[in-house]
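There are 2 protein chains.
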Amino acid sequence: MTDKPDEKKVTPRSQDFAAWYNDLILRAELADYSPVRGCIVFRPDGFAIWEALRDELDRRIKKTGARNAYFPLFIPQSFLHKEAQHVEGFAPEVAVVTHGGGKELEEPLIVRPTSETIINHMFAQWIHSHRDLPLMINQWCNVVRWEMRTRIFLRTTEFLWQEGHTAHAMRAEAEAETLTMLEVYRKFAEEILAIPIVAGRKSAAERFPGAEETYTIEGLMGDGRALQCGTSHFLGQNFARAFEIRFLDEKNELVHPWQTSWGVSTRLLGAIIMTHGDDQGLRLPPAVASTQVVIVPIWRKADEGERVVTAARSILLALENAGIRARLDERDGVTPGFKFNDWEMRGVPLRVEIGPRDVASGEVVLARRDIPGPAGKSKAAMNEVAVRATALLSEIQKNMLVQARAAMDANTHPVMSYDQLRTQMEGEGGGGFADVYWCGNPVCETKIREETRATCRAIPLNQSHPPGKCVVCGEPASERALFAKAY
Amino acid sequence: MTDKPDEKKVTPRSQDFAAWYNDLILRAELADYSPVRGCIVFRPDGFAIWEALRDELDRRIKKTGARNAYFPLFIPQSFLHKEAQHVEGFAPEVAVVTHGGGKELEEPLIVRPTSETIINHMFAQWIHSHRDLPLMINQWCNVVRWEMRTRIFLRTTEFLWQEGHTAHAMRAEAEAETLTMLEVYRKFAEEILAIPIVAGRKSAAERFPGAEETYTIEGLMGDGRALQCGTSHFLGQNFARAFEIRFLDEKNELVHPWQTSWGVSTRLLGAIIMTHGDDQGLRLPPAVASTQVVIVPIWRKADEGERVVTAARSILLALENAGIRARLDERDGVTPGFKFNDWEMRGVPLRVEIGPRDVASGEVVLARRDIPGPAGKSKAAMNEVAVRATALLSEIQKNMLVQARAAMDANTHPVMSYDQLRTQMEGEGGGGFADVYWCGNPVCETKIREETRATCRAIPLNQSHPPGKCVVCGEPASERALFAKAY
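Residue numbers (my numbering), protein chains in the order written: chain A, 1 to 487; chain B, 1 to 487.
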């Protein structure tokens, strides 16, 4: 019998955030390195989180009226060159197929880094009249970007994502769609992933290549670094012009539609880990946990074991019947203490402990992952476990957002001077959000980036400040922006 | 007002099966050609069928104990060469990435044509002890095979599929898993896609490259050609040896596991179309139809219109509340007749017709897509439409399988002589299944293929025949086999 967590130890988060992150992913079997440079394997426990969040987001996207489709993985190389900024942004990082079926191709194919080009080529075939609009398409797929430095989930050569692409008759409609999807993402991140979000505009320097405006949902990770969790782009008519998409409007004039694109990726798995994880390991929001409740039976003598396991199985059944993703840990050869540590490390939101005395008294212990120690424990009558677990999971889901928001608020600092900004961003750690007046001049933005490594993460949508002065140059600034070091 | 189906006419199936197939797919907006050789675009109405069947099959696969994961799109070229038959089968048809991030790669990467190699490379890292077995993984992904002749859904350069990969401690377990999955596929095809299936073994010539035994679910299309709808492979220890997967068994000896792989693809969309479609267009089994019931309001005067549309909307709501995927066709500018034709062409299983007299009498007409003309029509009280539609959809689902099985039976011929086989396979059409005694000798199989273009589609699992004589050579034959021309 052993109660050591494992030979493969997880570095405490408080000691080394980056090492903790990698250790945790490997130890919790969320992902593994692959023999292909920069590509990872999503193992079942990691992929199950992706499936849960994908299915929920898919429902929300479909509710807005978008429908799923699937476009080719390969894109003719010439397509990338049709939109000037787009090619500049993506050409350096594409993978190129030069041979197929044993022969060299006449025109090389690139593996999609994003699908604006091929999708808009098809939109040009499908859009002829204002009656064909709005056209709202979403695609779940893999994309490839040849990244120099990779990090599991956050930046990998191949990743999974959804990319929405829409075309509208009127500019205002497309602008509204861009913000509608930003809000879908914000609510999804907060309600399902329990990740508090700053929703805002990107600066011109941080825009998607080919977009007129890029909006972001930005999160703040446990080490004080920001993470872009999703983006929504207003593309204007750039791609419509490049791909010659035209339609007859109600006045019978041939005009270009207005477009958007928007996406989130498997990077969200990294966001969940880095927002919620602690020294004990992963903490999963119940909405995306593949195991929401684990039952650990505790006993020493064989006759106790039989009674305890029988009771545990009936609890498992009750939980499953209540629609809870539950699991009973019947492993031999490891102690209950080992199991507690193991499931805490794997992030299971709620644990049911049941021993011979519990069976006798008809009660079990429920232990919350979001509140450590005795404060997170409570008792429940055996026949009420499912009801109590349902209520607790809902509480845990909400509490994890509250905890994460408190951490973000504590790590967001109104900064009044450039010196204060530099001090905040000193050192190897993150530094959190610096909330500053910025005049909007890219020169000031570049100075901040070069001297502090902090970039403009978001110009929040809701501005309720009086006008002020730019933290760098002192010129008038009407808006505040959040700067941070970022992943 | 127009009641012509469309400028884009669909060739009648009875006139030209291949033209009908392509016309129908384009006209029903299931898919479109793409600018990339051999690749298609899955449009929303086509992709929705894939989503419905994928979600249902995914549930059934998970029930067997397999879990989803995701492995890299790219595979080092050298991996393909580790299993001799596998490389022979796939090397000629791979797409090769030679450049990434602007540089030539040291080792080219192939785009996965199937993932045995990379998955088994990972299995070697994960499998150490008999306690790690069985390991049962499934993956939904895109794969690429450089096909010479392509056909929408049936054979495309890129397609979508699921591929299951399992490893077991004992040979018998892996053999049982191979047949378990074959049976999952058979039931799925019959219950959900309403496609009658012959489940059987493939001949050695038709085996998956690297498998010891390949099993197939074989369907018979409306033109009398067979279509392989899914396969399940017993891989023996071939890949385990090639990728050095070893585990300590219960006797503490280091041995190779026994393995299987199994898959179905977007080819099933073609199978649905070619099994059920008719001269009027597509016919979708209710289980996979994105619109199961369409409501067509019929009226002439504006005041009638208001009453009819109001009633139609309340029926829509009732259908949706009953969990039916329903749709109300409120289009202006086209006649009810146009709408009838249009939705028949798109394959919607059930139509609700409602006019002013129906509103007055509190009744509507229900028209089944699977039974043409008056025989398929019935009346239902307005407040019972949802209940009646639910029952009818279930009947339609069953009846479509009955109809398709009758067509397959009528097109399956016990053949007693080689002359009879040749006659059956004459002409450009399909010819159906020839049910023959075959001695198992590849020489006889080759003769049949070369002289009649029919291949061995399946050696059915259930053989209840006395021994006979090979239809080609007259030698003793213990088994009967189904030969057919195939897609």
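No wet-lab data here; the hints were simulated from the structure.
Warning: the hint list may mix true and false statements.
Said to hold, decoys possible - With the C-beta cut set under 8 Å, the calculated list includes, among others, these residues of chain A facing chain B: (1) Cys39; (2) Arg43; (3) Lys62; (4) Gly65; (5) Ala69; (6) Phe71; (7) Val97; (8) His99; (9) Ser129; (10) Leu133; (11) Val144; (12) Cys473; (13) Pro476; (14) Ser478.
Idealized CB from N, CA, C, for every residue including glycine.
Hints and how they fare:
Annotation: interface hint on A:Cys39 holds; nearest CB of chain B at approximately 4 Å, less than 8 Å. With a least beta-carbon distance of about 6 Å to chain B, the hint placing A:Arg43 at the interface is held under the 8 Å criterion. Violation of the interface hint for A:Lys62 is found here, the shortest Cβ-Cβ separation to chain B being roughly 10 Å, above the 8 Å cut-off. Annotation: interface hint on A:Gly65 violated; nearest CB of chain B at approximately 11 Å, more than 8 Å.
Below 8 Å, beta-carbon pairs count as interface contacts, and A:Ala69 has one with chain B at about 5 Å; its hint therefore holds. Against a cut-off of 8 Å between C-beta atoms, the interface hint on A:Phe71 holds, since the closest Cβ of chain B lies about 5 Å away. For A:Val97, the interface hint holds, since its Cβ comes within 8 Å of a Cβ in chain B; the closest pair sits about 5 Å apart. Contact between A:His99 and chain B, as hinted, is supported at the beta carbon level, the nearest pair being about 4 Å apart and thus within 8 Å.
Hint status for A:Ser129: violated, given a least beta-carbon distance of 12 Å to chain B, over 8 Å. Checking A:Leu133 against chain B by beta carbon gives a least distance of about 15 Å; that is not within 8 Å, so the hint is violated. A least Cβ separation of about 7 Å between A:Val144 and chain B falls short of the 8 Å threshold, and the interface hint therefore holds. A hinted interface residue such as A:Cys473 counts as satisfied when its beta carbon comes closer than 8 Å to some beta carbon of chain B; here the least separation is about 37 Å, so the hint is violated.
With 8 Å as the threshold, the beta carbon of A:Pro476 stays out of range of chain B, its nearest partner Cβ sitting at about 43 Å, so the hint is violated. For A:Ser478, the interface hint is violated, the least distance from its beta-carbon to any beta-carbon of chain B being 40 Å, above 8 Å.
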